[in-house]
Amino acid sequence: MVPLSYYLILSGILFACGVTGFLIKRNIITIFMSIELMLNAVNLTFVAFAAELRMLSGHVFVFFVMVVAAAEAAVGLAIIISVFRTRETLNVDRVNLLKL
Amino acid sequence: MHLALFIIFGAVCIGAAINLLVQKHPINSALSLIVVMGSLALLYLLLGAEFVAAVQVIVYAGAVMVLFVFVIMLLNAGEEERTPHGSRVAIMLGVPGLIVGLGIGVYVVARYAGLDRIAIGGPAILNGTEGFGNPRAVAQLLFRDYLLPFEVTSILILIAILGAVVLARREE
Chain W
872 MVPLSYYLIL SGILFACGVT GFLIKRNIIT IFMSIELMLN AVNLTFVAFA
922 AELRMLSGHV FVFFVMVVAA AEAAVGLAII ISVFRTRETL NVDRVNLLKL
Chain D
2 MHLALFIIFG AVCIGAAINL LVQKHPINSA LSLIVVMGSL ALLYLLLGAE
52 FVAAVQVIVY AGAVMVLFVF VIMLLNAGEE ERTPHGSRVA IMLGVPGLIV
102 GLGIGVYVVA RYAGLDRIAI GGPAILNGTE GFGNPRAVAQ LLFRDYLLPF
152 EVTSILILIA ILGAVVLARR EE
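Read top to bottom, the protein sequences are chains W and D.
Residue 872 is where the first sequence starts when you use my numbering, and the numbers rise one by one after that.
Residue 2 is where the second sequence starts when you use my numbering, and the numbers rise one by one after that.
Isolated chain W, as found in the complex (with noise of 0.2 Å):
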């Protein structure tokens, strides 16, 4: 017997750790896995939810997030390995061309 709040907590704990990944990480690729914890943490909460109002729809939508972070994550790192043959580096901090 575990209560819906303590899943929401847990969830809003990891959705925070993804957002501090995201905001203090300097590697492109950690950066890119923050944002996939993120997305789990999202999850987490579809699936509390749809446990305690005994809906099934949360855990197609929890199907269709997993099929998004997939694509997502597919394009993302093809894009990452394009970027460092051309930039030569990971850092997010020397892919600054757009900089003033």
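The hints are simulated quantities; they were obtained by calculation from the structure and are not laboratory data.
All C-beta atoms, glycine included, are put in the ideal place defined by N, C-alpha and C.
Worth double-checking, as some hints may not be accurate.
[To be verified] If you only want the chain W side, here are some residues facing chain D, beta carbon under 7 Å, derived:
(1) Ile880
(2) Phe886
(3) Val890
(4) Val931
[To be verified] Here are the in silico distance ranges between beta carbons for each label pair:
(5) D:Val67 to W:Thr957: 18 to 28 Å
(6) D:Ile15 to W:Leu971: 38 to 48 Å
(7) D:Arg112 to W:Lys970: 39 to 49 Å
For chain W, the structure is supplied; the task is to place chain D on it using the hints.
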């Protein structure tokens, strides 16, 4: 029993997520993320979401993270180098971001304190709604009510594959 499992795997989850932030080498962060996803799959099982737990392990902990690890190895990503300046804004915003996230969590607790009586898992799943969240139930919903979105996702995946191939191709 449910609460004990929740606390154990929730703690593993948070510990691995913090480890992801602390580690300098991307491969360590990737392995921490696999631990997070594995324990999340167990939490999904606790919530009665069998199909989602299986997909979490197969798609996330399997396919997506293998892709990450391969890219880390391919690009020979080493230790994260800290640039002396430029990330000051991020450092200033990161701590408030964490505080805001925790604040939202605390707000949810205070707001939904009445919901604490409604507990998840346990007998509620066992009696009455047998098989909630198993692949059969999810498939019936997915292929009946959500058939069009499901087909659209297949097109999305196809576009993503083509885009990945085009972007990662070495230009002659």
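Return the status of the interface hint for Val890 (chain W): holds when the least beta-carbon distance to chain D is below 7 Å, violated otherwise. 4 Å, holds
Consistency of beta-carbon spacing, Thr957 (chain W) to Val67 (chain D), with hint 18 to 28 Å: 25 Å, holds
If you take the shortest Cβ to Cβ gap from Val931 (chain W) to chain D, is it below 7 Å? Holds - the Cβ of Val931 (chain W) comes within 7 Å of chain D, reaching about 5 Å at its closest.
With chain D as the partner, please determine if Ile880 (chain W) meets the hint condition of a C-beta pair closer than 7 Å. 4 Å, holds
Note whether the CB distance of Ile15 (chain D) and Leu971 (chain W) lies within 38 to 48 Å or breaks it. 39 Å, holds
In this structure, is the beta-carbon distance linking Arg112 (chain D) and Lys970 (chain W) contained in 39 to 49 Å? 41 Å, holds
Under 7 Å is the threshold here; is the Cβ of Phe886 (chain W) close enough to any Cβ of chain D for the hint to stand? 6 Å, holds
Against the hints set out earlier in the document, no violation occurs for any number.
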